[in-house]
Amino acid sequence: MATRRQETRSRWGCMNCRKRRKKCSEGRPSCQLCTERGVECIYPDWTVVKYARTRQRRIQLQEANIGRPSARPTLLPAQPSNPESRFIFHFNTILAGLISFSFPQMGAQNPFLQHVLPRTSNAAQVRYAVEAVAAGHLYHLGAESGDRATQLHSRALNLLAVELSRPQLEETSRMNLLASSLLLIYFEIVLGNSASNAWCHLRGAKVLLECNRADPESPCMLFFRKIFQYFNVMLALSLEIRPLQINADSGSDFSDNVDTVFGCTASLWPLMHHLADLMGRARLGDDITEDSKHLMAELHAWSIESSFGTDAYAEAMVQIARSYKFCGLLMLRQAVHGQKPKHHKNSTLQGDEEYRSAFDSVLRVCVLSLPMATLTWPLYVVGKLASSTSDRTVILHIFSHFLEKHHMKVVDGARAAVQAHWEGRRPSWHQSAPVLLG
1 MATRRQETRS
11 RWGCMNCRKR
21 RKKCSEGRPS
31 CQLCTERGVE
41 CIYPDWTVVK
51 YARTRQRRIQ
61 LQEANIGRPS
71 ARPTLLPAQP
81 SNPESRFIFH
91 FNTILAGLIS
101 FSFPQMGAQN
111 PFLQHVLPRT
121 SNAAQVRYAV
131 EAVAAGHLYH
141 LGAESGDRAT
151 QLHSRALNLL
161 AVELSRPQLE
171 ETSRMNLLAS
181 SLLLIYFEIV
191 LGNSASNAWC
201 HLRGAKVLLE
211 CNRADPESPC
221 MLFFRKIFQY
231 FNVMLALSLE
241 IRPLQINADS
251 GSDFSDNVDT
261 VFGCTASLWP
271 LMHHLADLMG
281 RARLGDDITE
291 DSKHLMAELH
301 AWSIESSFGT
311 DAYAEAMVQI
321 ARSYKFCGLL
331 MLRQAVHGQK
341 PKHHKNSTLQ
351 GDEEYRSAFD
361 SVLRVCVLSL
371 PMATLTWPLY
381 VVGKLASSTS
391 DRTVILHIFS
401 HFLEKHHMKV
411 VDGARAAVQA
421 HWEGRRPSWH
431 QSAPVLLG
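In full-length UniProt numbering, the protein residues as written are 1 to 438.
Source of the hints: derived by calculation from the structure; they are not laboratory data. None of these values were measured; they are calculated from a predicted model. Built from N, CA and C at the ideal position, the CB exists for glycine as well. Any given hint could turn out to be false.
List of simulated lysine to aspartate or glutamate pairs, EDC-like, C-alpha gap at most 20 Å [said to hold, decoys possible]:
id, residue 1, residue 2
1, Lys226, Asp259
2, Lys293, Asp311
3, Lys293, Asp391
4, Lys405, Glu423
5, Lys293, Asp352
Using C-beta positions, here's what the derived DEER-type ranges look like [what the hints assert, rightly or not]:
id, residue 1, residue 2, range
6, Gly285, Arg20, 36 to 44 Å
7, Arg37, Asp360, 35 to 43 Å
8, Glu36, Arg356, 33 to 41 Å
9, Arg21, Ser165, 57 to 65 Å
10, Glu210, Ser145, 34 to 42 Å
When you get a sec, could you build the whole thing from the sequences and use the hints?
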């Protein structure tokens, strides 16, 4: 009787193929089966297993292996041994995909790999900034010490200061300094969690952008300008101050349907800039009632077409854009009625159409289980307005999923601020301490 030939199994297969006990094609960034099923393809990161940080985790691993033959985890073959190279490798393979604002598109390269990573080979300040961000992320994964990330961050700051002190800066030097300044904002997102520090780096980036005289702008400069515009709004909302203005321009109008930086929120971003400006004015005591009515009308009229794609990535981008729209409307209402809490209680929002729409959108993004880099602010807004036990339970679940997927300090900080608001330690919307929401 002929024996059935055993199917050869992949040693380096993705997590989905391992769970389904299927042979993985090991294609990068997505294997054949994951591509056909339209799901995210995730490969194991053995460095997390090897470098487990906490003592409790090590004890759990030891107890789990009692009575079993020791099996040392196998490292990925492409994993470099040099620490600095390992940081660049981690940024290239893991982190660049997590901090990208839009999802992979056919024929489009990740803009961080296209415009930032090549600069690490000839600009020390960019290399140290990339390594600092990667080391900070590895720290949260348990694969690196916090001291190493702090050391690299200090080196990047020192080199940035040295370069800025030069009397003359060439175009290439300005581009490298701009890349470093924006990367240092990402360090705060990943590890530092200081909105004030991030704002200082943004102000430096503003000066460098204003020095640009190229017309038309290069693709690299346009990418950096869009990153600036994103953080200009998010940090202004975090600190409740007015956004920065570049050469008296309130912000570029990116009208593309799907943008490599803003995803589906490109055409919405001028309205977000206006929202941040109104929130800053309200904080200063200005009456924003009439301006808020006009912006509310514009937000209500804004819509996004969902016909450009039917896969999970397209759906996630649509839901993120919708969450920004409805959270913007909710924030405007909070600002207008902020000094009249008796007229606007959170408990009345549970059946509110805008609240339910925002809640539904952030939940849908979580269910899709894709990168959630730009979801911090909508999740924070919805979380602060949630009052029912069921809604708060769901919000905490989304935060946990978000943190598990991204391992960034900014997510933990937003969750802590939301819980503090629920517990009454920060009862007023405008009395909260600055929370980084990038």
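So, going through the hints one by one against the coordinates:
{"no.": "1", "hint": "Lys226 - Asp259", "result": "holds, 10 Å"}
{"no.": "2", "hint": "Lys293 - Asp311", "result": "violated, 36 Å"}
{"no.": "3", "hint": "Lys293 - Asp391", "result": "violated, 28 Å"}
{"no.": "4", "hint": "Lys405 - Glu423", "result": "violated, 26 Å"}
{"no.": "5", "hint": "Lys293 - Asp352", "result": "holds, 18 Å"}
{"no.": "6", "hint": "Gly285 - Arg20: 36 to 44 Å", "result": "violated, 59 Å"}
{"no.": "7", "hint": "Arg37 - Asp360: 35 to 43 Å", "result": "violated, 24 Å"}
{"no.": "8", "hint": "Glu36 - Arg356: 33 to 41 Å", "result": "holds, 35 Å"}
{"no.": "9", "hint": "Arg21 - Ser165: 57 to 65 Å", "result": "holds, 60 Å"}
{"no.": "10", "hint": "Glu210 - Ser145: 34 to 42 Å", "result": "holds, 38 Å"}
Hint violations for this structure: numbers 2, 3, 4, 6 and 7, all remaining hints satisfied.
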